[in-house]
Amino acid sequence: MGTLTIGCFSSLVSSKSLDFTLKLAKAAVDKGHKVNLWLSGNATGLGKNHQKHLKDYSTGEKPALELLEKGVEICECEACALARGIHKPDGIPGIQWNAMHWYLAKIYSSDRVLHIGGE
Amino acid sequence: MSDIKCAFVIQRPPYKSETSTLGFTHAISYQVVEMLLEDGQNVIPTVCMVGEGVLNLLKDQKAMENYGVTSIESHGKNGLLVDLDILVCKEDLDRFGISEDRLLDAEDMGADKKLQIVTYDEIQKVMEDSNHLLFF
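Those protein sequence lines, which keep their order, are chains A and B. Read left to right, the first sequence gives residues 33 to 151 (our numbering). Read left to right, the second sequence gives residues 117 to 252 (our numbering).
Simulated from the structure, these hints should not be mistaken for lab results. It should be emphasised that the depicted structure is a prediction, and the values quoted were computed from it without experimental measurement. Please note that a few of the clues may not be correct.
To be verified - Simulated pairs of lysine-lysine, BS3-like, Cα-Cα distance not exceeding 30 Å:
{"hint": "1", "chain 1": "A", "residue 1": "K58", "chain 2": "B", "residue 2": "K121"}
{"hint": "2", "chain 1": "A", "residue 1": "K66", "chain 2": "B", "residue 2": "K121"}
{"hint": "3", "chain 1": "B", "residue 1": "K230", "chain 2": "B", "residue 2": "K175"}
{"hint": "4", "chain 1": "A", "residue 1": "K94", "chain 2": "A", "residue 2": "K66"}
{"hint": "5", "chain 1": "A", "residue 1": "K55", "chain 2": "B", "residue 2": "K230"}
{"hint": "6", "chain 1": "B", "residue 1": "K229", "chain 2": "B", "residue 2": "K241"}
{"hint": "7", "chain 1": "B", "residue 1": "K132", "chain 2": "B", "residue 2": "K241"}
{"hint": "8", "chain 1": "B", "residue 1": "K206", "chain 2": "B", "residue 2": "K121"}
{"hint": "9", "chain 1": "A", "residue 1": "K48", "chain 2": "B", "residue 2": "K132"}
{"hint": "10", "chain 1": "A", "residue 1": "K66", "chain 2": "A", "residue 2": "K80"}
{"hint": "11", "chain 1": "B", "residue 1": "K132", "chain 2": "A", "residue 2": "K80"}
{"hint": "12", "chain 1": "B", "residue 1": "K175", "chain 2": "A", "residue 2": "K55"}
{"hint": "13", "chain 1": "A", "residue 1": "K63", "chain 2": "B", "residue 2": "K121"}
{"hint": "14", "chain 1": "B", "residue 1": "K132", "chain 2": "A", "residue 2": "K120"}
Stated by the list, open to error - Some chain B residues judged to face chain A by a derived CB distance under 7 Å, without partners named:
{"hint": "15", "residue": "Y131"}
{"hint": "16", "residue": "E134"}
{"hint": "17", "residue": "V148"}
{"hint": "18", "residue": "V149"}
{"hint": "19", "residue": "L153"}
Glycine residues also receive a C-beta, built at the ideal position from the N, C-alpha and C atoms.
In isolation and in its complexed conformation, chain A is listed as follows:
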């Protein structure tokens, strides 16, 4: 089994790229792969807790919690989150906060990297 690192920069509601990322991460970890997920830019909105799942909008909190339970490492860019008014006490427990070198370090030990850019 391999190690897959995904970097996602797209926001949750205004595109489907982050939804795709979460589904891909689940598919990979269910097949037994190690998965790392880096969230930067608008994707850091995923890390906010107490998301209300309105049916017209995608939601990330429940899938993120499921991924964490399966052992996926999720980390978001602290500066990107803070700039958007998301503070650590508002974060989903288990999602790490770090800086961009976390992503590069995970890339180092990955067999594959999938970088999903932002808007």
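Guided by the hints, dock chain B onto chain A, whose structure is given.
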């Protein structure tokens, strides 16, 4: 363990989104990645500016005056200061009519590195030689 080469391919224009800024800041973070790696491990980044991405390298940007943010020019200069290899696609510069004297440098900051204007073929070789590609 050998080094891992990453090509950061920046193709988005400046300021329309934060994409190109994030390309630079992620590449520059290679400076501290060793903190999270074992001895002898390293990530070697190369920044490749293609398409509208070359517009990020124009000098005399007024981002602070207009937007109240650090300019992408500053990120480019910081990249040179920390010895990033920044390749610029010659064909795309020609397409936009941008001469070399309109591009940033970091001599005033004491950087030894300069932008490297190269043909797309050379950028293609760098991408083929990289372990991972990250498009911004």
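Against the structure, the hints:
no., hint, verdict
1, A/K58 x B/K121, "27 Å, holds"
2, A/K66 x B/K121, "21 Å, holds"
3, B/K230 x B/K175, "13 Å, holds"
4, A/K94 x A/K66, "20 Å, holds"
5, A/K55 x B/K230, "42 Å, violated"
6, B/K229 x B/K241, "20 Å, holds"
7, B/K132 x B/K241, "29 Å, holds"
8, B/K206 x B/K121, "23 Å, holds"
9, A/K48 x B/K132, "20 Å, holds"
10, A/K66 x A/K80, "24 Å, holds"
11, B/K132 x A/K80, "25 Å, holds"
12, B/K175 x A/K55, "42 Å, violated"
13, A/K63 x B/K121, "27 Å, holds"
14, B/K132 x A/K120, "28 Å, holds"
15, Y131, "13 Å, violated"
16, E134, "6 Å, holds"
17, V148, "5 Å, holds"
18, V149, "4 Å, holds"
19, L153, "6 Å, holds"
Consistency with the previously given hints fails for numbers 5, 12 and 15, ordered from lowest to highest.
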